Amino acid sequence: NAGVTQTPKFQVLKTGQSMTLQCAQDMNHEYMSWYRQDPGMGLRLIHYSVGAGITDQGEVPNGYNVSRSTTEDFPLRLLSAAPSQTSVYFCASTPGTGVSGNTIYFGEGSWLTVV
Amino acid sequence: AQSVAQPEDQVNVAEGNPLTVKCTYSVSGNPYLFWYVQYPNRGLQFLLKYITGDNLVKGSYGFEAEFNKSQTSFHLKKPSALVSDSALYFCAVRANYGQNFVFGPGTRLSVLP
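For the record, the sequence lines run as chains R and C. Counted from 1, the first sequence has number 1246 at position 99 by the working numbering; the numbering is strictly sequential. Counted from 1, the second sequence has number 106 at position 102 by the working numbering; the numbering is strictly sequential.
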């Protein structure tokens, strides 16, 4: 079972460059999300989607864009990378919306460094 | 607004001793509570969850957690720690009407041989 697949695992960017972190899930989950993990701050929600064609902002959306053209894919775009975006990024998915008891499944993470 | 606190950045315990990792939460309505574990350079893995029913929840790898509504706590416990339990542990809450998870800052558990 592939689950949630993220690419790339490691990336170094120069300030001002743009890039896309890819995320795909094969579990037919409706709900997908992107988090960033920074030391001492836990996971903070960047953007999320409750289904194809629907996206919304989370806690820290600035500097990031998302789209959800299919159920399976939820890419995260960094528009103009800044050193403050150096972090570990996790894509996640959950089956169903409004079903609060469902757990969340995470990808393996993408380590991004902006220099 | 939902929030989760994990008051200890680091917990050290000797192998074979019981361990507790603390979590308190704040949420409007009934909470759905979760524990996740993260090993180095890996994603988060689900350990256990409380939805309703028995306040003592059993999960993977011998872990359990106790839901205490009056103290708004959901502490993670294990009767006998293993060195392999050393990892970063996250508590998370989800409101019963909402969809987003809120995670605590994490507690690093070190089990010493």
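Quick caveat, the hints were computed from the structure, so don't treat them as lab data. Note that the coordinates shown come from a computational prediction; the quantities given were computed from them, not determined experimentally. Even glycine gets a Cβ: it sits at the ideal position worked out from N, Cα and C. There's no promise every hint is true.
[Stated by the list, open to error] One side of the interface only, derived from the structure: several residues of chain R facing chain C at Cβ under 10 Å:
no. : residue
1   : G1189
2   : G1256
3   : L1259
How the hints compare with the structure:
1. G1189: holds, 4 Å
2. G1256: holds, 5 Å
3. L1259: At about 14 Å, which exceeds the 10 Å cut-off, the nearest Cβ of chain C leaves the hint on R:L1259 violated.
Checked against the numbered hints above, the structure breaks only hint 3 and satisfies the rest.
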